[in-house]
Amino acid sequence: MICPNILYSKEPRPPQPDNPSFEERQTMAKYALYRTCHPEDYCNILNAFSPSENITSIAKPGQFKGKSVGIIGGGLAGMAAAYELRKLGFDITILEASEDRIGGRVYTYYFDREKKLYGELGPMRIPVNHETVWHYINLFKLDTRPFIQSYPETFIYLHQRRARNDPYGKNVMKYIYPTYDLASWEAKTSWQELGYYGIEAPVLEAPPAARIEVIQVKPRYSRQLLFWDSLNTRQMFEYKKLSQGAINLLSNLFPIGGEFLYHNYVDLVQEYFPVNFWFLYEITGGMVNLPLAFHRSFISNAPWEYYPDIPAELLGKVTWKQGVKVKGIYKCLEDGRVTITYDNTKLMETGYENFDYIVCAVPFSVLRTFEIAPMFSSLKMQAIKEVTYGNSQKTLLNCNRRFWEEQGIFGGGSYTDLPVTGIWYTSSRGQVPQGLNQRRTEAEPGVIVGSYNFNLDAVRLGNMTDEDRFDKIKRNVEEVHGLSKGYLNNIVTDFKTQVWDNDPLFRGAFCYFTPQQKKLFSWIMTLPEYGERVYFAGEHVSAIHRWQQGALKSGMEAANAIARTNLYTRRT
Numbered sequence: 017m018i019c020p021n022i023l024y025s026k027e028p029r030p031p032q033p034d035n036p037s038f039e040e041r042q043t044m045a046k047y048a049l050y051r052t053c054h055p056e057d058y059c060n061i062l063n064a065f066s067p068s069e070n071i072t073s074i075a076k077p078g079q080f081k082g083k084s085v086g087i088i089g090g091g092l093a094g095m096a097a098a099y100e101l102r103k104l105g106f107d108i109t110i111l112e113a114s115e116d117r118i119g120g121r122v123y124t125y126y127f128d129r130e131k132k133l134y135g136e137l138g139p140m141r142i143p144v145n146h147e148t149v150w151h152y153i154n155l156f157k158l159d160t161r162p163f164i165q166s167y168p169e170t171f172i173y174l175h176q177r178r179a180r181n182d183p184y185g186k187n188v189m190k191y192i193y194p195t196y197d198l199a200s201w202e203a204k205t206s207w208q209e210l211g212y213y214g215i216e217a218p219v220l221e222a223p224p225a226a227r228i229e230v231i232q233v234k235p236r237y238s239r240q241l242l243f244w245d246s247l248n249t250r251q252m253f254e255y256k257k258l259s260q261g262a263i264n265l266l267s268n269l270f271p272i273g274g275e276f277l278y279h280n281y282v283d284l285v286q287e288y289f290p291v292n293f294w295f296l297y298e299i300t301g302g303m304v305n306l307p308l309a310f311h312r313s314f315i316s317n318a319p320w321e322y323y324p325d326i327p328a329e330l331l332g333k334v335t336w337k338q339g340v341k342v343k344g345i346y347k348c349l350e351d352g353r354v355t356i357t358y359d360n361t362k363l364m365e366t367g368y369e370n371f372d373y374i375v376c377a378v379p380f381s382v383l384r385t386f387e388i389a390p391m392f393s394s395l396k397m398q399a400i401k402e403v404t405y406g407n408s409q410k411t412l413l414n415c416n417r418r419f420w421e422e423q424g425i426f427g428g429g430s431y432t433d434l435p436v437t438g439i440w441y442t443s444s445r446g447q448v449p450q451g452l453n454q455r456r457t458e459a460e461p462g463v464i465v466g467s468y469n470f471n472l473d474a475v476r477l478g479n480m481t482d483e484d485r486f487d488k489i490k491r492n493v494e495e496v497h498g499l500s501k502g503y504l505n506n507i508v509t510d511f512k513t514q515v516w517d518n519d520p521l522f523r524g525a526f527c528y529f530t531p532q533q534k535k536l537f538s539w540i541m542t543l544p545e546y547g548e549r550v551y552f553a554g555e556h557v558s559a560i561h562r563w564q565q566g567a568l569k570s571g572m573e574a575a576n577a578i579a580r581t582n583l584y585t586r587r588t
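Count along the sequence shown from 1, then add 16; that gives the number in my numbering.
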């Protein structure tokens with residue numbers, strides 16, 4: 017099954033304006049589903065990605081004054097939980113391990129004081145249908161603009177052959193396909209269609225009720241989902257009778273799958289089934305503006321500005337503690353409260369606090385190092401130990417002129433089988449094809465992602481010395497662009513690298529299940545512990561790993577679960 021609309025469509029592509037309305041976003045989402053031949057999934061996907069029930073429909077504002085909640089981790093999941101719980105009067109303490117940065121894995125790095133030259137070391141794009149993210153973007157009145165995912169002048173450089181990334185795949189078929197050992201039918205099929213056939217088609221051949229489970233967390237799954245969950249990505253490609261040459265080709269053109277060929281197929285298809293990559297946005301001025309907006313709401317002397325429908329006296333108090341590394345979680349008090357111990361790296365002291373409830377919003381890769389006494393349930397402890405995290409490496413290059421624009425590139429990404437894997441470009445000209453007559457900006461400075469890779473290549477580049485990595489990335493970028501060796505030495509003035517595996521506050525970039533882990537752990541990971549005193553949030557706990565959508569919605573759901581528990585406790 018290859019969708020006939022993937023490359024060619026009679027329907028015109030809808031406009032992609034700045035700051036899109038709900039209606040405009042849904043028009044784009046529906047178009048993407050039409051182009052991928054499953055418009056019948058629109059309602060299911062919208063429901064899966066919409067914000068959770070408003071917490072004030074569960075309990076009244078201010079109803080739980082005097083109750084305390086400790087939130088471990090000040091990333092988006094912890095922030096969303098705190099924002100929601102505050103509505104009901106809970107007093108909240110957020111324990112954030114980082115000493116000097118707000119945002120968790122949302123990490124915008126600025127090269128200049130004016131914050132004009134920046135890049136994203138964490139998430140860099142927001143799909144139009146990630147409605148929980150848009151809920152908070154609109155709440156905090158943040159500006160957004162289109163993120164250009166694909167641009168026809170970017171490069172695909174494989175097997176030392178270079179091709180421009182035209183939307184129909186013809187250049188790749190002409191210049192690169194001959195270097196791969198492809199079956200005759202594969203050689204006549206565009207790489208976009210081959211990717212659809214290997215990644216999306218297996219799910220779309222199933223009924224909608226089974227498909228939607230790809231982006232759901234349930235106690236039990238259908239037989240069809242369990243089959244997908246049992247396979248890694250390479251096994252699914254082989255099941256679809258793709259040749260090893262085609263698998264090798266696709267692994268370079270779809271890095272989130274190709275660098276995780278031995279990880280869970282379901283974790284890959286959850287990227288593509290909900291058409292995440294068709295229409296994307298970025299927050300103007302940097303993605304970190306979303307966590308910064310949350311933080312401002314917590315420390316503001318006028319919190320009612322962020323809660324216009326709730327009287328200030330009903331809101332709970334939020335205490336933000338920076339540079340606090342949690343060491344242990346204990347249930348040892350007769351009244352059921354939970355004790356947290358920590359090191360305050362700023363004050364150079366240890367401490368502890370007792371809370372009525374805990375939201376654990378750190379990755380399981382970090383939770384694994386905590387002392388937990390008594391232990392959580394057996395399956396939860398197994399999940400904390402076994403759930404797989406993927407590595408990611410990003411290196412930003414600050415350039416004194418936009419050399420890529422001299423080659424006709426104004427956004428999107430280039431792909432290569434060299435260690436850098438992906439190169440992503442700043443856009444200064446807006447949407448394609450709009451803006452091509454705007455002022456020229458080639459001579460202006462700009463920032464690109466010189467390398468964005470995962471898993472093994474992230475380990476290999478990430479463990480080089482800074483000097484060697486910087487040199488290797490410049491040489492790879494020159495090769496992809498057909499530039500002479502050393503060309504970038506006088507253009508790239510600075511760089512910044514983030515290797516998420518090597519960061520002790522995260523110990524991994526994101527959750528990426530291996531086969532059978534969705535069946536074994538996805539539901540268990542969401543369940544509270546210590547008699548409904550400890551709750552869990554984060555992209556790893558969510559139905560959609562690796563995205564801000566998953567982090568934010570899991571935080572909302574943890575807050576709602578605490579509200580329901582309190583309501584039930586009061587009634588009984």
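The hints are simulated quantities; they were obtained by calculation from the structure and are not laboratory data.
Treat the hints with care, since some could be wrong.
[Stated by the list, open to error] In silico lysine-lysine, DSS-like type, Cα no more than 30 Å apart, as pairs: (1) K337 with K76; (2) K535 with K347; (3) K83 with K501; (4) K186 with K401; (5) K81 with K46; (6) K401 with K341; (7) K347 with K83; (8) K26 with K256; (9) K512 with K362; (10) K81 with K157; (11) K333 with K343; (12) K362 with K341; (13) K362 with K83; (14) K204 with K257; (15) K83 with K257; (16) K512 with K131; (17) K81 with K337; (18) K190 with K157; (19) K512 with K341; (20) K190 with K501; (21) K535 with K488; (22) K81 with K343; (23) K190 with K26.
Hint by hint, here is what the structure shows:
| no. | hint | verdict |
| --- | --- | --- |
| 1 | K337 with K76 | holds (27 Å) |
| 2 | K535 with K347 | holds (29 Å) |
| 3 | K83 with K501 | violated (63 Å) |
| 4 | K186 with K401 | violated (46 Å) |
| 5 | K81 with K46 | violated (43 Å) |
| 6 | K401 with K341 | holds (20 Å) |
| 7 | K347 with K83 | holds (17 Å) |
| 8 | K26 with K256 | holds (29 Å) |
| 9 | K512 with K362 | holds (25 Å) |
| 10 | K81 with K157 | holds (28 Å) |
| 11 | K333 with K343 | holds (24 Å) |
| 12 | K362 with K341 | holds (10 Å) |
| 13 | K362 with K83 | holds (27 Å) |
| 14 | K204 with K257 | holds (15 Å) |
| 15 | K83 with K257 | violated (58 Å) |
| 16 | K512 with K131 | holds (15 Å) |
| 17 | K81 with K337 | holds (21 Å) |
| 18 | K190 with K157 | violated (47 Å) |
| 19 | K512 with K341 | holds (25 Å) |
| 20 | K190 with K501 | holds (27 Å) |
| 21 | K535 with K488 | violated (41 Å) |
| 22 | K81 with K343 | holds (28 Å) |
| 23 | K190 with K26 | holds (26 Å) |
In terms of the numbered hints stated before, the structure departs from hints 3, 4, 5, 15, 18 and 21, listed from lowest to highest.
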